[in-house]
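> Take the sequences, apply the hints, and build the full model.
There are 2 protein chains.
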Amino acid sequence: MAARERSKKVKARTVLIGLVQMRSRENPAENLTIAAHRIVALAKRGAKIICLPELFLTPYFCQRRDKHFFALAEPIPGPTSHVLADIARRNKVTIITSLFERARNNKFYNTALVLSPSGKINARYRKMHIPDDPHNYYDEAYYFSSGTQGTVTVRVGGIEVSPMICWDQWFPEGARSAAAGGAQIIFYPTAIGWQREDPRGVNKAEHGAWQTIQRAHAIANNVFVVAVNRVGKDDHLQFWGTSFVSDPYGAVIAKASSTKEEDLLVNCDLSLIAQMRRDWPFLKARRFSVRKQ
Amino acid sequence: MAARERSKKVKARTVLIGLVQMRSRENPAENLTIAAHRIVALAKRGAKIICLPELFLTPYFCQRRDKHFFALAEPIPGPTSHVLADIARRNKVTIITSLFERARNNKFYNTALVLSPSGKINARYRKMHIPDDPHNYYDEAYYFSSGTQGTVTVRVGGIEVSPMICWDQWFPEGARSAAAGGAQIIFYPTAIGWQREDPRGVNKAEHGAWQTIQRAHAIANNVFVVAVNRVGKDDHLQFWGTSFVSDPYGAVIAKASSTKEEDLLVNCDLSLIAQMRRDWPFLKARRFSVRKQ
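In order, the protein sequence lines correspond to chains A and B. So for the first sequence, the UniProt record's numbering puts the first residue at 1; every next one is plus one. So for the second sequence, the UniProt record's numbering puts the first residue at 1; every next one is plus one.
No wet-lab data here; the hints were simulated from the structure. Among these hints, one or two may not hold up.
Note: identical chains are not told apart, hence a pair may lie in one copy or across any two.
[Said to hold, decoys possible] Below are the DMTMM-like pairs computed for lysine to aspartate or glutamate, each with C-alpha atoms no more than 20 Å apart in a straight line:
id, residue 1, residue 2
1, Lys260, Asp66
2, Lys255, Asp235
3, Lys92, Glu30
4, Lys284, Asp132
5, Lys284, Asp133
6, Lys67, Glu160
7, Lys284, Asp139
8, Lys204, Asp279
9, Lys11, Asp132
10, Lys67, Glu197
11, Lys284, Glu160
12, Lys48, Asp133
If you're wondering where the values come from, they're calculated on a predicted model, not measured in any experiment.
Encoded structure:
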């Protein structure tokens with residue numbers, strides 16, 4: 001086959017995405033206040049959809065097994081979702097993040113929310129792929145059950161978005177499921193880095209792989225991919241930062257610092273999606289189906 | 001989550017792979033002779049598995065709709081597979097390529113073969129994803145039916161390999177299916193390039209995407225990926241060359257020229273696969289199943 005000549009360029013249809021790359025402090029109230037200020041600042045600059053890192057409200061407690069951390073979980077709707085929904089409503093933006101959910105079925109989940117500009121919970125996605133580190137450096141499986149409801153795609157401000165969470169980003173099936181459901185932008189709130197005692201070469205290879213595989217989801221599905229990571233040290237971990245946005249060619253169109261907190265405001269031209277779905281019709285042409293187990 | 005500290009390095013288990021990046025001349029007999037010489041040369045240098053580009057036997061005829069080209073198809077087993085099987089046997093190597101198959105069901109397929117060192121057809125895979133260019137620069141759907149049998153993984157010299165073909169490389173499900181079937185190395189005989197009249201920027205973006213998505217298959221499945229492409233001009237097309245091998249981190253460990261015919265001999269340490277399947281157990285942890293439609 002040949003690379004396709006691109007169809008005649010269609011009219012641009014842009015949306016401004018805000019990425020809040022942050023480190024999380026000990027105090028949840030402080031993290032919520034910081035996140036709120038940064039959301040408001042991005043909204044003032046024109047962001048329409050703003051994404052926070054995974055479990056931004058607390059330090060990354062999954063590095064230790066401690067039953068006391070279950071007290072950090074909250075119902076959804078609950079105190080934090082109420083505050084975030086109110087911020088979304090006041091600032092006329094969509095907010096995407098993940099919270100530690102205490103569900104009514106007595107299970108605990110790592111749950112992404114899409115909070116609409118009208119102040120409602122527009123979508124709830126429970127992390128499906130829960131990492132269970134063979135080296136016991138972190139143990140998410142101790143805290144979280146796997147979501148069983150599959151991916152969720154929801155329309156916000158005329159744009160179809162799908163939130164997933166961190167380890168999900170290593171699984172092409174999740175991205176495919178989201179895109180088959182209509183997603184134009186996939187968001188991955190994330191908390192990923194390296195064990196500080198790891199050899200540097202391994203860390204570099206792993207960091208490269210993390211970017212490559214998400215860029216590939218963008219290519220395979222003709223979508224934009226937004227990864228919003230933590231940054232800085234937290235117990236054994238050094239988070240990678242480098243939050244980024246990939247366009248449907250897998251090109252990184254914006255990337256944050258590897259060491260500092262940073263807000264990114266990124267212009268995504270969604271007309272590229274329709275154009276590429278004509279030129280590279282992978283979604284239509286695929287000969288496999290993907291189903292949640 | 002955190003990038004994992006790698007398990008203690010296990011004993012290396014290496015295999016030498018040979019990539020024959022070639023341009024195809026008008027005369028099939030000439031192409032077969034050239035391929036044979038290059039296979040023998042790579043075998044003498046120690047290659048155990050040698051891969052040719054997609055449909056290496058002929059020019060890339062799919063750029064034109066012409067019923068006379070159906071005469072290029074042959075049964076499998078047939079004249080070309082016999083010659084290649086004999087070369088494999090005499091040189092104690094495995095050969096992977098694709099041929100234009102005229103099947104007994106009166107359909108035509110783009111079919112990959114794995115020819116064993118004992119001179120047998122060890123596996124036959126019929127290309128599932130057939131590109132159908134919206135701009136009519138090439139029209140594979142005019143010539144080939146889609147394979148309906150799914151991916152094939154086969155053991156050669158103690159190594160599990162799975163052949164797919166060209167456009168299949170844009171579909172993560174194929175790689176997943178192959179890996180779930182046990183593949184350690186996925187081979188993509190390929191004929192990809194760009195329309196010579198395309199803007200250079202688009203070509204660069206598409207070429208980048210082509211490499212990124214295959215590197216991602218290696219990451220998602222903890223396997224090696226081998227892409228063997230044509231090179232040079234052929235009618236409207238300029239093939240990209242840049243045949244490459246990706247390790248399970250998505251790192252390109254060898255890459256050929258973008259303009260010249262070239263043989264690559266690449267050492268792959270398969271112990272990395274077992275190591276990464278412990279550290280990054282994506283295959284085990286996935287929450288979706290992939291099935292051919």
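> Please work out whether the CA atoms of Lys67 and Glu197 approach to 20 Å or closer within one copy, between two copies, in both situations, or in neither?
neither (26 Å within a copy, 63 Å between copies)
> Under a CA distance limit of 20 Å, which applies to Lys284 and Asp133: within one copy, between copies, both, or neither?
Answer is between; shortest inter-copy Cα gap is 13 Å, intra-copy 36 Å.
> For Lys255 and Asp235, with the copy left unspecified, which applies at a CA distance of at most 20 Å: within, between, both, or neither?
neither (25 Å within a copy, 40 Å between copies)
> For the identical chains here, do Lys260 and Asp66 meet the 20 Å Cα criterion within one copy, between copies, both, or neither?
Cα proximity of Lys260 and Asp66: none, with 29 Å in one copy and 60 Å across.
> Evaluate Lys204 and Asp279 at a C-alpha cut-off of 20 Å and name the case that applies: within, between, both or neither.
between (34 Å within a copy, 16 Å between copies)
> At most 20 Å between CA atoms: does that hold for Lys92 and Glu30 within a copy, between copies, both, or neither?
neither (23 Å within a copy, 67 Å between copies)
> Pop the pair Lys67 and Glu160 into one bin, within, between, both or neither, using alpha-carbon distances up to 20 Å.
neither (38 Å within a copy, 44 Å between copies)
> Is the C-alpha distance from Lys11 to Asp132 at most 20 Å within one copy, between copies, in both cases, or in neither?
neither (45 Å within a copy, 25 Å between copies)
> When no copy is named, should Lys48 and Asp133 be tagged within, between, both, or neither for a Cα gap of at most 20 Å?
neither (36 Å within a copy, 36 Å between copies)
> 20 Å Cα cut-off: does Lys284 pair with Asp132 within a copy, between copies, both or neither?
between (35 Å within a copy, 11 Å between copies)
> Under a CA distance limit of 20 Å, which applies to Lys284 and Asp139: within one copy, between copies, both, or neither?
between (38 Å within a copy, 17 Å between copies)
> Please work out whether the CA atoms of Lys284 and Glu160 approach to 20 Å or closer within one copy, between two copies, in both situations, or in neither?
within (18 Å within a copy, 30 Å between copies)
The structure fails hints 1, 2, 3, 6, 9, 10 and 12 (numbered hints given earlier, in ascending order).
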